[in-house]
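Q: Mind assembling these two chains? They're in different frames, but the hints should get you there.
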Amino acid sequence: MKRLLRMFGTTTFRLALVYTAIFGVSVSGLFGFILVTTDVFAKRQTETAIVAEVAAFQEAFQREGIPGLVQAINRRADPNFGWAGIYLLIDAASNPLAGNIGAWPRVSEENDVWINFKIRDVSKAPEEIADVQAQKFTVPGGYKFLVGRDLREAREFRGQLLRSMYIALALTLALGIIGGVAFSRSIMGRIEAITRTCQQIMSGELSRRVPMTRTSDELGQLTLRINQMLDQIERLMTGMQQVSDNVAHDLRTPLTSLRNQLETALSQTSDGSPQSLSIEKAITAADKLLTTFRSLLRIARTEAGVQGNLEELDIVSIVRDVADLYEPLADEKGLQFETRLSPVQKISGDRQLIAQAFSNLVDNAVKYTQSGGKVTIVAEQDQGLSSFVVADTGPGIPPEYRERVLERMFRLEESRTSPGSGLGLSLVSAVAKSHNLDLKLEDNYPGLRVTLLFGHLSE
Amino acid sequence: MRILIIEDDLEAAQYLAKGLRESGYVVDLAEDGNTGMLMATSENYDAMIVDRMLPGIDGISIVEAVREAEIGSPILFLSALGEVEDRVSGLRAGGDDYLVKPFAFSELLARLEALLRRSATTTEATFLSAGDLEMDILARTVKRQGKRVYLHPREFRLLEYLLRHTGQVVTRTMLLEHVWEYHFDPQTNVIDVHISRLRQKIDKPFDIPILHTVRGAGYKLEPVSQS
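As they're listed, the protein sequences go chains A and B. If you're matching positions, the first sequence starts at 5 in our numbering and goes up one per residue. If you're matching positions, the second sequence starts at 1289 in our numbering and goes up one per residue.
If we strip away everything but chain B, and leave its shape as in the complex, we get (with noise of 0.2 Å):
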């Protein structure tokens, strides 16, 4: 997998490609606006990591350029912006997903890796599974090897948000933007009481927990194999 960043910043764009690297990226690095640009649309990449503000060419003008140029990896914004209509600009623009420096390093991966996810799959799927954990989305069934599990309707998209990124990190923040579509975070870790209620519901009865917290990180849904 190649992905480009484009950030002014050389520490933290060294520090983002060293983490990247050895997460097992191919990583190119562009330090202003004029030489992204070239990159990312010259080059193949399957996906980019764009700074909003750049010495040259910003970032909102680079997006819209790639994607006038019909190429359409991934592209992650990063800005120091965070309110909403910046946001909006940005994912307006051709984005898909917006991150607010400062970032831990974990939120990118997870969400670097949901966005290749995503690109990967492009249908929405109706029934998905993990393990012996099934979901039928129309039928708004859940069951665990075999036997069904009632759930809330929120707890429901949680699970849903989960199976859609079976095997990859999911950090609070992005749960609090896809479940419940919030762009800010709450004083208290709400998060953390919504999970262990699923887990009630999904591990508990069971002998092998699926639903995994991962240090500093966020969650991971990990299927039971089979064998």
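Next up, chain A with everything else stripped away, as it sits in the complex (with noise of 0.2 Å):
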């Protein structure tokens, strides 16, 4: 059903819909035109044929007055005779002589030549009416006489034509919007697969192109351009992530061998000297600058969407598991814990970037809520949309601050004394990009509350 709303509202449906419609009514006025046509030549038609009997009549009459008309008429009535007009000669005193209509029709124009008039059909069927058409002459002596046509047929004809008319337009008509769907359809579905393809990249899927169907076209040309513009991006990526790796190898070696030292150095002093207790704070600060370095890389990683061990993940039980983590933590700091979670569906992702990325956001809700303060944990689902909330009762993030925290080593101000290195909040917007989980951060009235949506509303 959503598909088929999002068909109409594309550009490639109204196009086919307004030309579907201009043709329809091209149609329209091509048709009235024939409709038109017809009737006029039907019409003149008729005349014809009646004027040139009553040319046939009056040569019968001149040539034999009364009688000689008489004969023709009624060789002419005769059924047998196949002939399909209508005739009446009456007398002065209204009384037929020939003809194969009882009376003389009542008609109002009696000044006119020609007359309409209905009829019953003696001849075939007597309840059906006819409908005719005539020219009437007084002849000499008193003597009234009408040739017609029966324009039932015409009539029908022209019925039958409009009929056929009719059906030819809804027929168009329709065939114009089966096209224009299929059309549109076939275009939406190259443009959808480009928009699918971005999306894959996005979430870090740079190996992904849009599949190439025709080249020749112009969306053909697009997508080939898009594919070789991935093609860049993605020499680009590699090469920058190359570029981190080998930051990695390179500075982590230096550095694991000045931790070494120092460690050496720290056990050929006795415990609880003035020397131990320097080496112990420069082994504690070599730490620090390798965790950051090494969350950084990390981070890094995710962003480029470095794909780690895909599964099916029950995202409840790993929270479950975070809270557990935490829960004694946040006990001896005199907060209340509450959990609240419910099933909710699977989603594929890496277990320990998710784990990661709850493990700091109940980290920072712990470390940044005062002691008698609340740390709320909650998993639900509401028909496809699956929802994780962490919130607390700290002093929260300003919301202008809100986009800022998640950029790397972004510290506020008043937290700056407090341990971290600023990196938290980005690897949870890094893993969310990732997994396509949309991140929140909202005011708790007082405090924080980070939001995890997954998936949308059902269609």
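These are calculated hints, taken from the structure and not from any lab test. Because the structure is a prediction, the values reported are computed rather than measured. Mixed in with the good hints, there may be bad ones.
Facing chain B, according to a computed beta carbon distance under 7 Å, are these residues of chain A, among others [what the hints assert, rightly or not]:
#	residue
1	T257
2	L259
3	S261
4	N264
5	N313
6	L314
7	Q360
For each label pair, taking beta carbons as the anchor points, the in silico distance ranges come out as [said to hold, decoys possible]:
#	chain 1	residue 1	chain 2	residue 2	range
8	A	K292	B	T1501	51 to 61 Å
9	A	T199	B	R1503	55 to 65 Å
10	A	D328	B	D1424	21 to 31 Å
11	A	S190	B	R1355	14 to 24 Å
12	B	G1419	A	D328	40 to 50 Å
13	B	G1360	A	K292	22 to 32 Å
14	B	G1360	A	Q236	41 to 51 Å
Cβ coordinates follow ideal geometry from the N, Cα and C atoms, glycine included.
A: Shown next as structure tokens:
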């Protein structure tokens, strides 16, 4: 249903619809013209036939007078003659002398030569009404005479024509709409393929390319250019990744040896001596540096969409484990720790990354909430939408900084004194992006409320 | 105990060798993949420490060859690549543990000892004990000095891991990896809190503590001598 609605909204479909409408109007115009022409032609033909017959009767009258006329009429009025005409000759007393209708029709336009009237069809089916157009004359001696044609057949033909036109018009419109739907669907399919590929690439599947169907048309050209562009982006990205991997390897090795030397030095000092305390501090500092470095690398790799071990994850169980890990810490700090976890749909993802993201969120919540505060962790499923919430009653994050805290190494002025590297939320953001989770930072009145949303409302 | 180290960074390798020798191991050193491969498949070692990135044959290929030659000695991978997929590929090739550079020497020693212990005791015990502490894994009960100690499931697993490595140093990272199955370091050191909770239950009510903190390294479960 949603797909259908979306199709109605596409440019291609609207174009097809407009085109169909214009075409429909022109076809209607054409049909109207044909109908009017046919009418005129049919009328003229009837009149020509009548006029020709009248000429023949006049000739018979001039040659042989009334008896000749009567004879001519009777011959033509004979049903076996196969003539479609209507005839009547009456005398001054209105007595019929010849013809195939019983009485002179009652017509208003006494003075006109052309008259139209309806009579019962005596010859064929008595209940039918014949629709007649006729020409009347006054013959010397008080006789009156008319020659006509039954118009029913012409009318029927016209009706048939009109019906055919309606059907043809309906067919035109239907074909136009079906064609429009098919056309827009085929175009939409190709555009959707492009959109889908773009989404996959944004979620980190850098090797994806738009499937090529035709290269000759405009869309094919667009596809080709997009794929070429993607090739280039991929080259740049893998190059960058290579550099960061090399930096990791090259910088970590000297750092390792620095740390190891410190460890050796530590083992040569006696416990509790001023030297050993200094060395321990140096080791802690080195460790912090290395941890920060490792986190940076992990975020970079996650953002670049390096695929880990993808599996179907029950995130609720991961969240439960994380909550389980932090519950004693919260307890020790004197925080209320509440978990409301209901089952949610499974999500394909990297277990370690998801666990680390939630661990970072809960870690922050516990770290920034004062004793007596509350940390709440919620997982719930609302139709197709899974949501995970980590909320605290700490100082929160001012709205203007909610975007910026996701940047690497950004820390709020107030929290600079507390331990941390400013990478926790950056990792959460990177993990959310690579797993198609929607990350929202909101006010918890008071505190911070972080929501991760997955899926979309059912169609 | 004979240990083989295959590591191309000479400084790191010599530091490792020196530390291990001081801890009482016999250490052989190979500085490139080809030499390492030759030594690993021709000599007998109780354990091997293999760097992943090596000149010549890389670490993964060496380990695959070693396993193909049906040599079962425990192997510890060293690598600057710390991502999960690298870890998985290393373990899949036949490695037994994976340590990301840079590491503290104490971390490496703890892991190496755990590996050597694991290869010595092959059967999975269902009843563990250390001095006066007893754990029945099937019944999920813990007793100390005959008195029942009630533990949460996670505390139980934590104690189980410590008991399986009685007398050895167990690092925080090892606990995170084996008890929580996390291959990352949480920002705050949450493990300490769990340990202190466990201590409340297995140490505090009794005279002599058995769960000790090892400075700069981790924790150690040391049984109380029965005498």
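Q: Give a verdict on every hint.
A: Taking the hints in turn, this is what the structure says about them:
| no. | hint | verdict |
| --- | --- | --- |
| 1 | T257 | holds, 6 Å |
| 2 | L259 | holds, 5 Å |
| 3 | S261 | holds, 5 Å |
| 4 | N264 | holds, 5 Å |
| 5 | N313 | holds, 6 Å |
| 6 | L314 | violated, 10 Å |
| 7 | Q360 | holds, 5 Å |
| 8 | K292(A) <-> T1501(B): 51 to 61 Å | violated, 20 Å |
| 9 | T199(A) <-> R1503(B): 55 to 65 Å | holds, 58 Å |
| 10 | D328(A) <-> D1424(B): 21 to 31 Å | holds, 23 Å |
| 11 | S190(A) <-> R1355(B): 14 to 24 Å | violated, 54 Å |
| 12 | G1419(B) <-> D328(A): 40 to 50 Å | violated, 29 Å |
| 13 | G1360(B) <-> K292(A): 22 to 32 Å | violated, 39 Å |
| 14 | G1360(B) <-> Q236(A): 41 to 51 Å | holds, 49 Å |
Of the hints listed earlier, those the structure fails to meet are numbers 6, 8, 11, 12 and 13, in rising order.
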